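Asks: Here's the letter readout for the chains.
2 protein chains.
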Amino acid sequence: MLEDKNQERTALEQLGEFGLIDHLTQNFAISRKSTLKGIGDDAAVLDFKDKKTIVTTDMLIEGVHFDLSYMPLKHLGYKAVMANLSDVYAMNATATQIAVSVAVSNRFPLEALEELYAGIALACQIFKIDLIGGDTTSSTTGMLISITALGEADEAEIVYRSGAKPNDLLVVSGDIGGAYMGLQVLEREKEVFKVNPNTQPDLSPYSYIVERQLKPEARKDIVELLKKLEVQPTAMIDVSDGLSSEILHLCKNSAVGCNLFEEKIPLDPTVISACEEFKMDSTLVALSGGEDYELLFTIDQKDFDKIKGNPNMTIIGHMTEESEGAHLVTRGNTKIPLTAQGWNSFGKE
Amino acid sequence: MLEDKNQERTALEQLGEFGLIDHLTQNFAISRKSTLKGIGDDAAVLDFKDKKTIVTTDMLIEGVHFDLSYMPLKHLGYKAVMANLSDVYAMNATATQIAVSVAVSNRFPLEALEELYAGIALACQIFKIDLIGGDTTSSTTGMLISITALGEADEAEIVYRSGAKPNDLLVVSGDIGGAYMGLQVLEREKEVFKVNPNTQPDLSPYSYIVERQLKPEARKDIVELLKKLEVQPTAMIDVSDGLSSEILHLCKNSAVGCNLFEEKIPLDPTVISACEEFKMDSTLVALSGGEDYELLFTIDQKDFDKIKGNPNMTIIGHMTEESEGAHLVTRGNTKIPLTAQGWNSFGKE
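Each protein sequence line maps, in turn, to chains S and W. In terms of full-length UniProt numbering, the first sequence opens at residue 1 and continues consecutively. In terms of full-length UniProt numbering, the second sequence opens at residue 1 and continues consecutively.
Chain S extracted, bound-state conformation:
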């Protein structure tokens, strides 16, 4: 539906494996001082000096994690990088380098990989990340992307999932549920397109949530903002699998309970109207939706004044003693136990 059928097609075997890597990575410049050697040897060499090294890795598979019938390849490249950077920022660290491995079947021409790498390059440019390695190979079916992101942080800055204490405030950046509702819109348009390929979908009323799905932004700005506000979170995680699942990770790792207030969950008006249209419960979407790549963190109550009223973050609850459990406090003031209903690629838990 968004795919251009008339594009140029250059078969990948014309370049060979080394020629292909060289071609795709030729326009990536090295900008980080910590990158001593990027692409072009058996391994990259980095120098984080007295900082700690942060490492995270993630694999995305066509047909499982993305659908190329509505995900343009440039967006896919950008989003794949965001998903990894988000994990680095969730450590309260600075993301610095990525290594990218891509496997594609012969249905993809060179131009498709160029689009994918254009998205990766844009992400690297905006977030000041060096591409330092990777691998390009063939697959038997579809496209696979595996990215490892590296970062750096002073030891004292690093925030784990395990530091939350009872009475800490629970805070989330941005708003939640948009990426999931954007996916619903795109899935619906795909079905419409299957029935009538001449339909031109009007996605403009949904532009915010579609963009949340197709072009999420990792919250580097929140990490920087917290430093500026002199707020050191006690625990942090990124919201990739839905709010509920992430809160339970914080609770489990920190051995605390939690009260999450339904009325405090930040929802964009477009999310609310899309939920009405799709007859979905917006709270459930926020709790279970996933792919928002916002940051969820806890702060000591003494830091309340520093973040109060800040439009970039919302206090949505507070941590409790572990024995009290993790609950959603509804608008009707009922307490419902939180359960992990985040997205699970192997099926429902």
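In short, the hints are calculated from the structure, not lab data. Treat the hints with care, as some may be off.
One copy or any two copies: either way a pair holds, since identical chains are not told apart in the list.
[Unchecked claim] Here are the simulated PhoX-like cross-link-like pairs (lysine-lysine), alpha carbons at most 25 Å apart as the crow flies:
id, residue 1, residue 2
1, Lys51, Lys128
2, Lys279, Lys128
3, Lys279, Lys264
4, Lys279, Lys335
5, Lys215, Lys190
6, Lys51, Lys33
7, Lys279, Lys228
8, Lys128, Lys49
All values derive from a computational prediction rather than experimental measurement.
With chain S held as given, fit chain W onto it using these hints.
Replies: Coordinates of chain W only, in the frame set by chain S:
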């Protein structure tokens, strides 16, 4: 053929994504001082202090890089780690951590993943590597493994591909071509098995080359030996794609030429006899075979006495001025230009 059809089968969806990762990684202990935080947060945290950080990544895909009809899963896990560690050793560095992402279709039961992780665990134990992260997800078809390996080295120890000088000696560890000939044997037995599934293959005459294919060992010992001998290679690469392709990488990166002497290429007697049996030229197999995971390096002539007669390494040639080009000097003293005929997953270059 080597697959046990009567194995227990536990469906992956019974555990869910987080349960699965916990289950598979529960027996991995952290042994490196540089690992501050391994699995269990958004990212791992490492501390290489005043050493440089080495990073390399590699992706293996069923049907492209491995064939489960003769590759037992435990061996596959081990080999996948070796392929990555080999790249770290090729920097003359110490391998310290790996992150492993695995995607499998629902044809694989839990027990298959346990076997794969048993091989990964064995590699980690023998090579003193910490598993610090990763991802387990579902695929639409087959099995995919993406590994990122990390290492550390003092800056002065690191050996790039680019340091070879004219008149440096060209040295290779171990012997070459075994992994490729082992693959030929296994491929032949697979065809025999297809015709008559009751055949029991007798692989004992081929045990060395089959083991080279199924259970290669990254040459950590060579890096340690070179340190002990006080030999700092001027350039180094690992032999994953065949000798010819790797020599050309050294030549290109170092801007030198090379004379490789056919009669010096170390071949195991089993490789020679298998080549006779398969009517293949053993020199061509060594030049183009791949997957040997030996180290290929250049040393200054002044270091000749330090390695002379060492059974772990063979001097196979010397570097020349770039203008002289890269050549194979045959037994008949003819000079043939070296061409990259290494394995290319997108087809022949």
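Asks: Decide, hint by hint, whether the structure agrees.
Replies: Hints and how they fare:
no., hint, result
1, Lys51 - Lys128, "both (18 Å within a copy, 24 Å between copies)"
2, Lys279 - Lys128, "neither (41 Å within a copy, 54 Å between copies)"
3, Lys279 - Lys264, "within (21 Å within a copy, 74 Å between copies)"
4, Lys279 - Lys335, "within (23 Å within a copy, 76 Å between copies)"
5, Lys215 - Lys190, "within (18 Å within a copy, 46 Å between copies)"
6, Lys51 - Lys33, "both (13 Å within a copy, 15 Å between copies)"
7, Lys279 - Lys228, "neither (41 Å within a copy, 71 Å between copies)"
8, Lys128 - Lys49, "both (19 Å within a copy, 24 Å between copies)"
The earlier numbered hints that this structure contradicts are 2, 7.
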